[in-house]
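Student: Sequence:
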Amino acid sequence: MRAVQVTEFGGPEVLNLVDLPDPVPGPGQLVIEVDRIGVNYADTHQAENSYLAPSKLPLVPGGEVVGRTSDGKRVVALLNGGGGYAERAVADEATTFGVPDGVDDLTALSFIVQGTTAAILLRKNAHLEPGESVVVHAAAGGVGSIAVQLAKAWGASRVIATASSDEKRALALDLGADVAIDSRAENMTDALREANGGKRVDVVLDMAGGSVTDQSIAALAPFGRLAFYGMASRQQPKPIETRNLLGHSTTVSGMWLPHVFKLRGNVFGRALDDLFSLALAGQIRAVAGGEYALSDARAAHEALRSRGTSGKLLLDPGK
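Position one of the sequence shown corresponds to residue 449 (our numbering), numbered consecutively onward.
No wet-lab data here; the hints were simulated from the structure.
Be aware that one or more of the hints could be misleading.
To be verified - Straight-line Cα separation of at most 35 Å, DSBU-like style, residue types lysine-lysine; simulated pairs:
#1 Lys710 <-> Lys686
#2 Lys600 <-> Lys647
#3 Lys521 <-> Lys572
#4 Lys686 <-> Lys600
#5 Lys647 <-> Lys686
#6 Lys521 <-> Lys647
#7 Lys504 <-> Lys572
#8 Lys504 <-> Lys710
#9 Lys710 <-> Lys572
#10 Lys521 <-> Lys504
#11 Lys710 <-> Lys600
#12 Lys600 <-> Lys521
#13 Lys686 <-> Lys504
#14 Lys521 <-> Lys686
Stated by the list, open to error - Derived CB-CB ranges, DEER-like:
#15 Met449 <-> Leu505: 17 to 23 Å
#16 Glu577 <-> Arg753: 16 to 22 Å
#17 Asn497 <-> Asp721: 32 to 38 Å
#18 Arg733 <-> Gly645: 24 to 30 Å
#19 Lys686 <-> Gly579: 27 to 33 Å
#20 Asp552 <-> His696: 42 to 48 Å
#21 Gly603 <-> Lys686: 28 to 34 Å
#22 Gly603 <-> Asp470: 44 to 50 Å
#23 Pro506 <-> Gly766: 20 to 26 Å
#24 Pro578 <-> Ser743: 44 to 50 Å
C-beta: ideal position from N, C-alpha, C; glycine also.
Go ahead and model the full structure; you've got the sequences and the hints to work with.
Tutor: Structure follows, in structure tokens:
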């Protein structure tokens with residue numbers, strides 16, 4: 449089968465199209481004939497071995513696919529340890545989910561990682577309450593574009609989006625944000641408070657890291673919550689001093705989706721079911737970020753790393 453393989457860690461240049469043997473399922477696993485592959489920012493970390501879970505060489509990147517099982521069932525799946533950038537993939541039955549009629553490949557792949565991340569951040573980390581203000585950094589991205597819509601659907605009084613271009617800010621507004629500001633603002637604390645009518649903000653969803661995180665924490669209202677789920681800037685924020693949290697009764701939390709699978713109570717499955725229901729009801733939608741041939745995976749990673757993308761990127765394993 450055709451697949452993209454990494455034999456040395458690095459940037460997009462280490463992604464190479466090769467021929468590999470078909471994957472062999474183990475106990476409790478399924479082989480999926482892949483129709484489309486989801487591309488995530490985490491894949492760029494996986495390729496350079498800077499992800500939370502260390503990578504091992506040789507590596508076929510990619511953690512999500514949509515396709516069909518041997519009995520013809522249409523499924524979307526999360527893959528344990530990669531293997532997604534290929535014509536066929538092996539997935540655990542426990543992380544393989546049926547796709548309802550009326551949900552297309554783009555939507556299924558947008559929801560399996562980015563959508564569930566947005567939903568769990570808002571429900572479990574931020575404990576969003578109706579009438580609260582929500583800041584969504586990188587609001588035109590995969591997680592951000594869904595988080596904007598969910599925040600409005602779940603009762604946020606004001607959704608403040610940040611994005612790096614006029615086009616991305618326009619997309620965030622089209623998705624339901626009340627205001628969209630430049631993510632490169634010199635003083636993000638002041639920019640967020642101004643966007644919220646001079647008031648501090650209740651909830652921040654942050655995947656930037658560095659000074660964006662520092663200044664977002666400083667913008668939190670009493671009992672405000674910042675939910676941290678990534679570090680696209682590849683820069684660590686300053687160490688958090690607990691006395692600063694005490695000063696405004698604020699909360700900073702983190703969420704890593706692989707950890708969610710270790711929890712009892714089917715947190716992930718419920719989030720995915722909620723998303724499918726909202727999509728079928730026309731309340732939220734996936735945003736297409738571009739489709740690339742499997743042979744052009746390097747270009748997809750280059751686009752992600754440039755921060756020039758919006759929505760969900762896909763790979764077509766047939767090209």
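Student: Taking the hints in turn, state whether each one holds.
Tutor: Taking the hints in turn, this is what the structure says about them:
Proposed proximity of Lys710 and Lys686 is supported: the alpha carbons are some 29 Å apart, at most 35 Å. Straight-line distance between C-alpha atoms of Lys600 and Lys647 comes to about 19 Å, which keeps the hinted pair within the 35 Å bound. Only pairs whose Cα atoms come within 35 Å are accepted, and Lys521 paired with Lys572 is accepted, the gap being roughly 31 Å. With a CA separation close to 31 Å, the supplied pair Lys686 and Lys600 stays within the 35 Å bound.
A hinted pair counts as satisfied when its Cα atoms are at most 35 Å apart, and Lys647 with Lys686 qualifies at roughly 24 Å. A threshold of 35 Å between alpha carbons decides the hint, and for Lys521 with Lys647 the separation of about 50 Å lies outside it, so the pair is violated. A hinted pair counts as satisfied when its Cα atoms are at most 35 Å apart, and Lys504 with Lys572 qualifies at roughly 32 Å. Of the pairs offered as hints, the one joining Lys504 and Lys710 holds, with about 22 Å between alpha carbons and a cut-off of 35 Å not exceeded.
At roughly 15 Å between alpha-carbon atoms, Lys710 and Lys572 fall within 35 Å of each other, so this suggested pair holds. Only pairs whose Cα atoms come within 35 Å are accepted, and Lys521 paired with Lys504 is accepted, the gap being roughly 31 Å. Of the supplied pair hints, the one linking Lys710 and Lys600 holds, its CA atoms being roughly 29 Å apart against a limit of 35 Å. About 33 Å separates the Cα atoms of Lys600 and Lys521, which keeps this hinted pair within 35 Å; it holds.
With a C-alpha separation of about 30 Å, the suggested pair Lys686 and Lys504 falls inside the 35 Å cut-off, and the hint holds. Taking the CA atoms of Lys521 and Lys686, the gap is near 48 Å; set against the 35 Å cutoff, the hint is violated. Between Met449 and Leu505 the beta carbons are some 19 Å apart, a value that agrees with the proposed interval 17 to 23 Å. Hint check: Glu577 to Arg753, Cβ distance near 36 Å, so the stated range 16 to 22 Å is violated.
The supplied range of 32 to 38 Å is met by Asn497 and Asp721, whose beta-carbon atoms lie about 34 Å from each other. The hinted range of 24 to 30 Å is satisfied by Arg733 and Gly645, whose Cβ atoms lie roughly 28 Å apart. For the pair Lys686 and Gly579, the supplied restraint of 27 to 33 Å holds, since their beta-carbon distance comes to about 31 Å. About 43 Å separates the C-beta atoms of Asp552 and His696, a value consistent with the hinted range of 42 to 48 Å.
Checked against the hint of 28 to 34 Å, the pair Gly603 and Lys686 passes, with Cβ atoms roughly 32 Å apart. Take Gly603 and Asp470: their Cβ atoms lie about 48 Å apart, and the range 44 to 50 Å holds. Look at Pro506 against Gly766: about 23 Å separates their beta carbons, and that is inside 20 to 26 Å. Checked against the given bound of 44 to 50 Å, the beta carbons of Pro578 and Ser743, roughly 47 Å apart, stay inside it.
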